[in-house]
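Trainee: Each chain, written out:
Protein chains: 2
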Amino acid sequence: MTPLFRRMTICGVGLIGGSLALAARRAGIVGRVAGLGRTQANLEVAARRGMLDIATRDPAEAADGADLVVLAVPILSMRDTLEKMTAHLAPDAIITDVGSVKQWVVRELEPVLAPGMALVAAHPVAGKETTGAAAADADLFQGRRVIITPSARSTPDAIGKIEALWNATGARVVRMDPALHDAILARASHLPQVAASALAAALADERVGGMLAAEFGASGLRDTTRLAASSWEMWRDIFITNRAALVEALKLYGSTLAEFQALIESGDMTALEALFDRGRAMRERLK
Amino acid sequence: MTPLFRRMTICGVGLIGGSLALAARRAGIVGRVAGLGRTQANLEVAARRGMLDIATRDPAEAADGADLVVLAVPILSMRDTLEKMTAHLAPDAIITDVGSVKQWVVRELEPVLAPGMALVAAHPVAGKETTGAAAADADLFQGRRVIITPSARSTPDAIGKIEALWNATGARVVRMDPALHDAILARASHLPQVAASALAAALADERVGGMLAAEFGASGLRDTTRLAASSWEMWRDIFITNRAALVEALKLYGSTLAEFQALIESGDMTALEALFDRGRAMRERLK
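Sequences listed follow chains V and A, in order.
Using the numbering used here, read the first sequence as starting at 1 and increasing by one per residue.
Using the numbering used here, read the second sequence as starting at 1001 and increasing by one per residue.
Next comes chain V alone, as it looks inside the complex (with noise of 0.2 Å):
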């Protein structure tokens, strides 16, 4: 069998890059794989794992003749990183990304394209709270969903391909436009972040009587402050670039708040029971 991709090159061979690179190997869909890093650890570590044919910091060496670019980098770093590759790819080269924002990946890719190039910008929409190519699993997407966002400069031809390499993961692959997912993707993903995030500061510091309030608190207040560990580099390139769909789905996180406020502080337990029931709905069927 002809592998899909000739050679693919991994930008960022983390927890999603390095992962990809292990499922794509096993499914045998590409020929050569090589991985741009910034670290020589991890790259070794990448290497020693079998991920990689070639492991360099190099950008035109990594891009040597690529069919393929994954770009697994912080959001605000794809756009140079691309560019200190393109020249150096297969002209009909195919650029595709794994970011949790489309609209920013999109706009700010397009114009880096050679002529003959296709960009099909996708977010697996998976992770673990580990991180770098010591974490990679090569079923980390198995059954877990994949959102593709065709754009201008995507061809048939190239959506094709970037979802055959998803579905040869095990990931259930959904395709999207860039504006719905990033609207989505706001109140899923970026919302639960910021309201755990928000609940850990409020209390970081919070004492009562000299005691610190935190220290009385259960698994409850782990669980729903467990996010707030979270990396800040990957978190602030998503909260520049996804500003507009954030701000309005923080807005309906804080009329749903106040409304709970209002109803413990009037003691209209009929109307409280049913919010509280809608939200309890809700949890059940996330399972």
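A portion of the hints provided could be inaccurate.
What the hints assert, rightly or not - Within a straight-line C-alpha distance of at most 27 Å, the following computed BS3-like cross-link-like pairs (lysine-lysine) qualify:
| no. | chain 1 | residue 1 | chain 2 | residue 2 |
| --- | --- | --- | --- | --- |
| 1 | A | Lys1287 | A | Lys1251 |
| 2 | V | Lys161 | V | Lys84 |
| 3 | A | Lys1251 | V | Lys251 |
| 4 | A | Lys1084 | A | Lys1161 |
| 5 | V | Lys287 | A | Lys1287 |
| 6 | V | Lys251 | V | Lys287 |
By construction, these hints were calculated from the structure, which means they are not laboratory data.
Since chain V is already given, all that's left is putting chain A on it; use the hints.
Mentor: The following block gives chain A in isolation, referenced to the frame of chain V:
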């Protein structure tokens, strides 16, 4: 060794009441154990699991001569339950409870005590997703905090005995003023509940382009909304009985959320990073 209590009556043989019966028996600090229940089915589970010598739905029979009463029923049912029992208890009986709110409990129960009785309100900060006698576990309180809130009707002897009871379960006992308890728990426990319920309620029916946003959430959304599945019966009583402290905690959360929203809108990444880091540092202290 003479047991600490001749006869302990547990009102509400659920997760907390049942676990306390098991732990106290194992430690050999109680003579006979009676359980007052609402349903025959749950009482039979408790009896079969060896928690009880007497299992009944009749308050007078449950009370008969007891020198310790543990109220493990919802907060708003405590007064009524105790009123039906006082005439049948030992004249020097000690009354305690396991409720999540303490000022209300003290105010409601003290007027019901006969002259020789003492009240030592308490709150074991422990819980599991599960409920009922079937879920009871003799090790539930091991290493957990139990907050004792002495008040006007707590004698030094009664305080010492209730502390000995909880120490025997492996819990770490802390003494605190009832008002301080309520202010701290409003922040560390009742606020996370509302934050999670409001997030789940906000997303329950939130559609973008016809798609349900919550369906695209991953483990972060699940963690942050886990508490939303809690029982309304238990939380209704907390919302009613700790209203003022909870509203104060909600205002603190609301203003921190508004701070996040303003910084995301203005794009002030230096200030946003400082706020995000405050949350991350708090989360890391929680482990």
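Trainee: Please go over all the hints and tell whether each is borne out by the structure.
Mentor: Outcome of the hint check:
no. : hint                  : result
1   : A:Lys1287 - A:Lys1251 : 26 Å, holds
2   : V:Lys161 - V:Lys84    : 24 Å, holds
3   : A:Lys1251 - V:Lys251  : 16 Å, holds
4   : A:Lys1084 - A:Lys1161 : 24 Å, holds
5   : V:Lys287 - A:Lys1287  : 25 Å, holds
6   : V:Lys251 - V:Lys287   : 26 Å, holds
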